[in-house]
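There are 4 protein chains.
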Amino acid sequence: MSSPYQTRRRIEFRDTDAAGIMHFSAFFTYMEQAEHEMLRSVGLSVMQPDGESTIGWPRVSATCDYKSAVRFEDIIDIAVSILHLGSKSVRYRHEFRVADRLVAVGEITVVCCRIDARHQIASIEIPAATRERLARHTV
Amino acid sequence: MSSPYQTRRRIEFRDTDAAGIMHFSAFFTYMEQAEHEMLRSVGLSVMQPDGESTIGWPRVSATCDYKSAVRFEDIIDIAVSILHLGSKSVRYRHEFRVADRLVAVGEITVVCCRIDARHQIASIEIPAATRERLARHTV
Amino acid sequence: MSSPYQTRRRIEFRDTDAAGIMHFSAFFTYMEQAEHEMLRSVGLSVMQPDGESTIGWPRVSATCDYKSAVRFEDIIDIAVSILHLGSKSVRYRHEFRVADRLVAVGEITVVCCRIDARHQIASIEIPAATRERLARHTV
Amino acid sequence: MSSPYQTRRRIEFRDTDAAGIMHFSAFFTYMEQAEHEMLRSVGLSVMQPDGESTIGWPRVSATCDYKSAVRFEDIIDIAVSILHLGSKSVRYRHEFRVADRLVAVGEITVVCCRIDARHQIASIEIPAATRERLARHTV
Numbered sequence: 001m002s003s004p005y006q007t008r009r010r011i012e013f014r015d016t017d018a019a020g021i022m023h024f025s026a027f028f029t030y031m032e033q034a035e036h037e038m039l040r041s042v043g044l045s046v047m048q049p050d051g052e053s054t055i056g057w058p059r060v061s062a063t064c065d066y067k068s069a070v071r072f073e074d075i076i077d078i079a080v081s082i083l084h085l086g087s088k089s090v091r092y093r094h095e096f097r098v099a100d101r102l103v104a105v106g107e108i109t110v111v112c113c114r115i116d117a118r119h120q121i122a123s124i125e126i127p128a129a130t131r132e133r134l135a136r137h138t139v
Numbered sequence: 001m002s003s004p005y006q007t008r009r010r011i012e013f014r015d016t017d018a019a020g021i022m023h024f025s026a027f028f029t030y031m032e033q034a035e036h037e038m039l040r041s042v043g044l045s046v047m048q049p050d051g052e053s054t055i056g057w058p059r060v061s062a063t064c065d066y067k068s069a070v071r072f073e074d075i076i077d078i079a080v081s082i083l084h085l086g087s088k089s090v091r092y093r094h095e096f097r098v099a100d101r102l103v104a105v106g107e108i109t110v111v112c113c114r115i116d117a118r119h120q121i122a123s124i125e126i127p128a129a130t131r132e133r134l135a136r137h138t139v
Numbered sequence: 001m002s003s004p005y006q007t008r009r010r011i012e013f014r015d016t017d018a019a020g021i022m023h024f025s026a027f028f029t030y031m032e033q034a035e036h037e038m039l040r041s042v043g044l045s046v047m048q049p050d051g052e053s054t055i056g057w058p059r060v061s062a063t064c065d066y067k068s069a070v071r072f073e074d075i076i077d078i079a080v081s082i083l084h085l086g087s088k089s090v091r092y093r094h095e096f097r098v099a100d101r102l103v104a105v106g107e108i109t110v111v112c113c114r115i116d117a118r119h120q121i122a123s124i125e126i127p128a129a130t131r132e133r134l135a136r137h138t139v
Numbered sequence: 001m002s003s004p005y006q007t008r009r010r011i012e013f014r015d016t017d018a019a020g021i022m023h024f025s026a027f028f029t030y031m032e033q034a035e036h037e038m039l040r041s042v043g044l045s046v047m048q049p050d051g052e053s054t055i056g057w058p059r060v061s062a063t064c065d066y067k068s069a070v071r072f073e074d075i076i077d078i079a080v081s082i083l084h085l086g087s088k089s090v091r092y093r094h095e096f097r098v099a100d101r102l103v104a105v106g107e108i109t110v111v112c113c114r115i116d117a118r119h120q121i122a123s124i125e126i127p128a129a130t131r132e133r134l135a136r137h138t139v
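Protein chains in written order, with full-length UniProt numbering: chain A, 1 to 139; chain B, 1 to 139; chain C, 1 to 139; chain D, 1 to 139.
Treat the hints loosely; a few may be bogus.
Any copy, or any two copies together, can satisfy a pair, since identical chains are not distinguished.
As the list claims (entries may be wrong) - The calculated SDA-like cross-link candidates involving lysine to any residue, where the alpha carbons are at most 25 Å apart (straight line), are:
id, residue 1, residue 2
1, LYS88, ILE76
2, LYS67, SER123
3, LYS67, GLU125
4, LYS88, VAL139
5, LYS67, ARG40
6, LYS67, ALA117
Please keep in mind that the hints were generated in silico from the structure rather than gathered at the bench.
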């Protein structure tokens, strides 16, 4: 049975702004950090060395809906699930909650790519072993 | 005749990542900076003092589609236009180009709010004078 | 007996740059996060509400020496100690280690301040109760 | 006659924090951006391709003294000068002014390095042609 990956962190001061709340762009970095943590939890890395090159996951789209403001030192729960596991791409959904209240929902679509030593990027099929591990959080 | 607001900046090193390209979250901060610059160009500020409180524009949604990688020191042109000017909200569209090639497109929806001295936030109607100034870039 | 406060975190992707290593400015944000975590561990907050105003700790100086590069996903140990506990100021020292190897050392000096609702800032004596709690990590 | 390199920028919202002022870590990113702009102005880049590798300038130390708070949308003048031009290292000084008032002073020391395709880093002598160009802002 697949289920979301759950993690939790505390809002850092650097992620707040002069309006006194978490800056909207910081939600994207929290989504990314949660995704990377999920990948590590199933034995993967977002930057997997592969001979001379690296298998990585450049983002092709990112979106976030903000429901209510989040403040410095709030503890935020993040649930990461995979909405779609394509042949070359993965669509993640991230739900942010503070004390069980939904505060934001985001989606990020990434494409499996080979990145060579000169930072040239080409999309590839998701390797079968990787796909199998990702299935654990595909809802 | 309304038209997009045009601005240009250079990719900063802090906005790159270990994949050698501009970090996807940085596009959101560039969108915001371009929006604020557009507001100043029509005599507004995203944080307008108003007696004891401040009129601000919290974000309710943000999205970005990435077409191709952008690198350190690339010069990026940003065209900001208003897709929808609601009674309380504004939807911005940002087109990013490097040497005339479209590299990313984003949209951000903001809501006009009164933020009091204790950082309490309440949505309000967009003041008529503000609406008039925004019309200049409403396409 | 006083001793450093110890914490640990993993290098986030957003904190790397196109040179493939942790960006030098990110060490300052990690120092700050470790300081705030230490404050919470002794029952304090870096933003303590106090009636209409807030007791905060603006930085008056910050310095960091970099010994060796740190990379994405490295686990970093941070030891926070107070080198000097003045009447109005605190000088923190932060030692960063990856697998017991010292990779960076930083110092940050902060001043105890009252920040009013209009963001006006004035330095004050460190309250006695706060000073007592800080003594735990004053070396 | 050598003289500081002068540049100017406006404080971005992403660089503010919940205390309502520019975050202390952002000064380091502004120093870096000003250094890179100075390098471009004399025909150099902080990431100079050189065959299979790149000539770069990792930071070995960074320091900043904060004199007074800087706020969102403030226009900040930055004067970059080279205090010391060593055989392998450069020490920069950055003076930040808002409306002619000194608000912060920072120093950053960098070392000339060759960074290979696998992100391995080794210090090298500053090439003579580079040294000559840097002399223009060595005070």
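Margin query: Check the structure against each numbered hint from earlier and tell me which ones fail, lowest number first.
Written below: 1, 5
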